[in-house]
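What follows is the residue order along each chain.
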Amino acid sequence: MTDTAPGLPRLGTTLFSLSLEQRKPGRDFASLVDEVAARDLGPGLEMVAFQSLRGWPRLSDDAVREVRGVIDASGLTPSCLAINNDLGLYPGRLLSDDESYEYVAVQVRGAAALGFPVTRVGVETSPAILERLLPLAEDLGVKIGVEIHAPLTIEAPPVAALKELFTRLDTEWLGFIPDMSSSMRAVPDAVDDAHRAAGISPELTALTKELWAEPGPTMAKFPELERRAAEAGATPPQVGNLKMLFTMHGKMAPERWADFFPHVVHVHGKFYGIVDGQDPSIDWPVVARVLREQNYTGFISSEYEAHAYSDRYNAFDQIRAQHDMLKRLLEAEPAVVG
Amino acid sequence: MGPLDDQVVRADSLTATPDGLDVAVYSHWYRALPLPSLARVDLTVDGDRIDPSALDVTVNGHRYGFAELAGKGDEYWFTTDPVVLHVPVDSAPGREHRVQLLLGLSIPYILTGPDRVPLVAPSATDKTLIAAGA
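Chain order of the listed sequences is A and B. Mapping the first sequence onto our numbering, position 158 (from 1) lands on 153, and the numbers just tick up by one. With the second sequence counted from 1, adding 13 to any position gets you our numbering.
Because the hints were derived from the structure by calculation, they are not lab data. A couple of the hints might just be wrong.
As the list claims (entries may be wrong) - Per the computed footprint, the stretches of chain B lying under chain A, defined by three or more beta-carbons under 8 angstroms from a beta-carbon of chain A, are:
no.	region
1	30 to 36
2	62 to 69
Stated by the list, open to error - Result set (DSSO-like, lysine-lysine): computed pairs, CA atoms no more than 30 angstroms apart in a straight line:
no.	chain 1	residue 1	chain 2	residue 2
3	A	K322	B	K85
4	A	K204	A	K246
5	A	K246	A	K216
6	B	K140	A	K19
7	A	K216	A	K204
8	A	K322	A	K246
9	A	K158	A	K238
10	A	K216	A	K238
11	B	K140	A	K246
In this text, all values refer to a predicted model and were calculated from it rather than measured experimentally. We put the CB at the ideal spot given by N, CA and C, even for glycine.
For reference, chain A alone in the conformation it holds in the complex (with noise of 0.2 angstroms):
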């Protein structure tokens, strides 16, 4: 495993990198896991329970056993199982309250079955739901985490109000889950496949990354994005598609994470590709010195991400180089002994 030195973050690698791997034929979850395992990516697994998991929320014992098996077998540590509330189930009218909370609480039920320390939940769940949860999160032992993921920044106002709710509940059950598609410093290279694939020009890919990098709240960039594009041809889908890189790829300053602390219970190691040993649109050597800085010593699942743009390169060494990337910056300094 790519174990870091004692004190420091440690690292892991949630199946939901592999994506496009889960659809070759021959895979199933056990092959997934056991190659995480073989190739050295733990010591952390995290998955989406909806993604890696059939029958879920509603797992048998006898599937509770067999999951819990491979795992076991593996040698890896669970670390996070993201959970979904599906507040948008049925047409036409989101779940109640009542409703969201038990969607939630099976799921949360369920991680704690399969060994899981953590949950991920979004945005989409209240502050007054996942006060709810609190005792049943206690209860179990299983933290909620609650992903901050793009567009979201720590100026957004729903990030304010659960800062707000985990400082005054001051519990370790209930906290944020950093991911760090909110702090990049570019718009990744794989966009140009998908973009390709989909009759975009280089031309308006191009323009769209340079107003992306342009100083200035990205939400106040949609008219001029919608305004040059059209004028440069694109159709409606495509100015939808451009429109996703804005929403997809945030811009805060990657120092801010500091502001998530203490109530960071996991971190998603979002990234887009590594190049020479270096990540050119996620600015790591920050985000490593800020996790340190804080004495975070729990997990940074890798989730490489460029498999929605691109499947021109392999996951599996994707994490390799980012973890032999992060190990570096992690242990590039003596861990701070808090």
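Using the hints, position chain B against chain A.
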């Protein structure tokens, strides 16, 4: 948009049956979705638009009318499984069909806009394929 779009309808997706044409459809979303998420199935076969109300859908071994899916929030379409659209058009083993499909998946945990409406993730397919025998 992305590598999974090309896998929504695969080279072996078409099967001619005594009732018509079966089209095996795979999800372009990374996780299992509840059946109401199968929100939009704009299907054209050989130039003829298929009314969704004429479609039956088999998922997890159960066959439903398309409209029934909206009420099946306690059942899920697993990541790597196909759903099979039963299309009432003439077919036969070895016959070629042009299949155009705009699949719109309602993503129930990504809510957009002031009204908090689920994102609909589209995937467009236009393929000409040969039907196998049942």
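Evaluation of the provided hints:
Look at the region 30 to 36 of chain B against chain A: 0 of its residues bring a Cβ nearer than 8 angstroms to a Cβ of that chain, fewer than three, so the hint is violated. Counting residues of the region 62 to 69 of chain B whose CB falls under 8 angstroms from any CB of chain A gives 0; the rule of at least 3 is not met. Between K322 (chain A) and K85 (chain B), the direct Cα distance comes to roughly 46 angstroms. Violation of the 30 angstroms bound is thereby established for this hinted pair. Among the hinted pairs, K204 (chain A) with K246 (chain A) is consistent with the structure: their alpha-carbon atoms are about 12 angstroms apart, no more than 30 angstroms.
Among the hinted pairs, K246 (chain A) with K216 (chain A) is consistent with the structure: their alpha-carbon atoms are about 13 angstroms apart, no more than 30 angstroms. Proximity of K140 (chain B) to K19 (chain A) is assessed by CA-CA distance (about 21 angstroms); at most 30 angstroms being required, the pair is judged to hold. The hinted pair formed by K216 (chain A) and K204 (chain A) meets the criterion: a straight-line CA distance of about 12 angstroms does not exceed 30 angstroms. Of the pairs offered as hints, the one joining K322 (chain A) and K246 (chain A) holds, with about 24 angstroms between alpha carbons and a cut-off of 30 angstroms not exceeded.
Between K158 (chain A) and K238 (chain A), the direct Cα distance comes to roughly 28 angstroms. Compliance with the 30 angstroms bound is thereby established for this hinted pair. A C-alpha spacing of about 10 angstroms is found between K216 (chain A) and K238 (chain A), which places the hinted pair at or below 30 angstroms, so the restraint holds. With a CA separation close to 39 angstroms, the supplied pair K140 (chain B) and K246 (chain A) exceeds the 30 angstroms bound.
Comparing the model with each earlier hint shows violations of hints 1, 2, 3, 11; every other hint is respected.
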